[in-house]
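Colleague: Spelled out, the chains give:
There are 2 protein chains.
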Amino acid sequence: MNTTIETILNHRSIRKFKDQPLTEEQIHTIVKAAQAASTSSFIQAYSIIGVTDQEKKEQLAKFAGGQSYVANTGHFFVFCADLYRHSLLGEFQDVDVLPSIESTEKFMVTIIDAALAAQNAALAAESMGLGICYIGGIRNSLEEVSEILETPDYVVPLFGLTVGVPDQTSSAKPRLPVSAIYHENTYKHDVEWNKNQLEQYDADISSYYENRTNGARKDKWTEQMASMLEKKSRLYMKDFVEKKKLNRL
Amino acid sequence: MNTTIETILNHRSIRKFKDQPLTEEQIHTIVKAAQAASTSSFIQAYSIIGVTDQEKKEQLAKFAGGQSYVANTGHFFVFCADLYRHSLLGEFQDVDVLPSIESTEKFMVTIIDAALAAQNAALAAESMGLGICYIGGIRNSLEEVSEILETPDYVVPLFGLTVGVPDQTSSAKPRLPVSAIYHENTYKHDVEWNKNQLEQYDADISSYYENRTNGARKDKWTEQMASMLEKKSRLYMKDFVEKKKLNRL
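Those protein sequence lines, which keep their order, are chains A and B.
All letters in the first sequence, in the order written, are residues 1 to 249 by the UniProt record's numbering.
All letters in the second sequence, in the order written, are residues 1 to 249 by the UniProt record's numbering.
In case anyone wonders, no lab produced these hints; they're calculated from the structure.
None of the values given here were measured: they were computed from a predicted structure.
Be a bit skeptical, because a hint or two may be false.
Pairs involving identical chains hold if they fit within one copy or between any two copies, as the list cannot separate such chains.
[Said to hold, decoys possible] Here are the simulated lysine-lysine pairs, DSS-like style, with alpha carbons at most 25 angstroms apart:
no., residue 1, residue 2
1, 232, 243
2, 220, 243
3, 218, 188
4, 195, 218
5, 231, 243
6, 231, 16
7, 232, 245
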């Protein structure tokens with residue numbers, strides 16, 4: 001196994017960091033790594049906002065659901081879907097790019113672009129011995145987050161990435177069985193087969209929690225998911241994104 | 001610079017592969033790497049379909065706009081946004097998860113999850129000396145692609161990833177300046193400032209093409225983008241995704 005694959009497999013989310021800011025060089029390396037990712041038809045439809053202002057970081061931590069490691073971290077990056085510069089270049093050249101930019105297709109492209117870049121950033125950071133955690137919690141309150149970061153139309157903050165020197169150890173949770181995630185030639189949609197896969201996985205997760213907590217927790221994955229998905233969270237998103245002029249056509 | 005960052009920065013898309021299929025072990029490593037990526041609240045909302053059937057590969061190559069390297073490759077993976085298994089676990093537990101699953105928020109989550117996993121897969125492959133190319137072209141014809149792969153409701157194929165032993169060398173195109181992509185604390189939306197950034201970048205890209213083609217090409221990025229975005233491509237996407245019961249609420 002090579003060191004890149006080791007870094008990849010060794011990933012675990014870190015939620016406690018030493019009080020040690022990233023250096024300018026580390027930040028630069030992480031951003032260059034992000035930019036090296038593939039981008040759909042070279043569109044480069046994302047931006048990254050590094051938040052260094054402590055007050056802004058604390059506001060973001062609050063809006064993300066009180067996650068203190070957003071504010072107490074080496075560096076906090078926000079990855080945004082971004083077609084703003086494409087709207088400008090359309091204006092500069094007097095070409096009507098808006099029907100394209102406002103389409104669901106291009107919204108998907110911007111999200112994919114931003115996520116590919118972010119995962120490069122995350123791995124670059126981890127390869128340097130830093131810890132990371134994605135912060136989807138900023139999507140609790142995108143109106144407020146957009147105001148704090150002053151993002152214009154055609155820009156939607158997608159998630160944060162908090163990066164710093166780890167001040168905890170953490171373990172990786174077992175994933176779904178490969179057989180459940182990976183299909184060959186055709187998607188396996190048989191209900192009984194899926195039920196069986198989920199039952200096997202529930203047993204794995206349950207014994208993972210049992211071992212970690214000396215029997216105090218025995219959660220099943222399907223129960224965790226059902227309980228999370230029962231909550232109708234962030235249903236404002238469709239309107240918010242459309243108001244930002246994305247995902248409309 | 002460590003080897004992971006070298007692998008990341010050394011990325012370039014490969015579109016010609018030797019006639020050498022990936023081994024089972026390589027495929028397994030790539031899928032495990034994909035699964036090691038972060039996933040929003042542990043939701044694991046994606047699937048990967050490995051296409052080995054030559055006829056299916058040729059159909060996909062055709063629907064992706066005649067990209068022969070979809071069929072002539074070491075292995076062809078299709079990454080899908082996938083909330084199907086979550087719809088099932090809701091049924092099994094008699095919990096109404098559909099308003100959540102059908103939301104724009106969860107559609108974003110599935111795309112982010114799939115893209116993070118894919119970028120891990122791409123880097124794992126590249127770290128093993130393999131070449132990769134993302135194939136967004138499958139989104140030309142998702143009706144047909146879904147039929148070929150037999151994907152059910154709550155599943156949307158997002159992009160392919162073709163992986164194999166490279167049979168060409170290729171160069172990396174210069175990205176947007178770091179200053180254009182990376183903002184500090186607030187998004188830089190000033191129009192004149194953006195115009196200036198784009199002009200600088202156009203000059204970079206233009207001289208990159210000029211050097212590579214002995215002066216035959218001098219394309220500017222803004223012209224390439226305006227010309228691409230002027231075409232109203234894949235505007236069926238909104239309806240297609242909604243028909244698959246995602247991005248509706």
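Colleague: Now tell me, hint by hint, if it's right for this structure.
Modeller: Comparing the hints with the structure gives:
no. : hint         : result
1   : 232 with 243 : both (20 angstroms within a copy, 21 angstroms between copies)
2   : 220 with 243 : neither (38 angstroms within a copy, 31 angstroms between copies)
3   : 218 with 188 : neither (28 angstroms within a copy, 48 angstroms between copies)
4   : 195 with 218 : within (19 angstroms within a copy, 56 angstroms between copies)
5   : 231 with 243 : both (24 angstroms within a copy, 23 angstroms between copies)
6   : 231 with 16  : neither (28 angstroms within a copy, 47 angstroms between copies)
7   : 232 with 245 : both (23 angstroms within a copy, 16 angstroms between copies)
Hint compliance for this structure: hints 2, 3, 6 are broken, all remaining hints hold.
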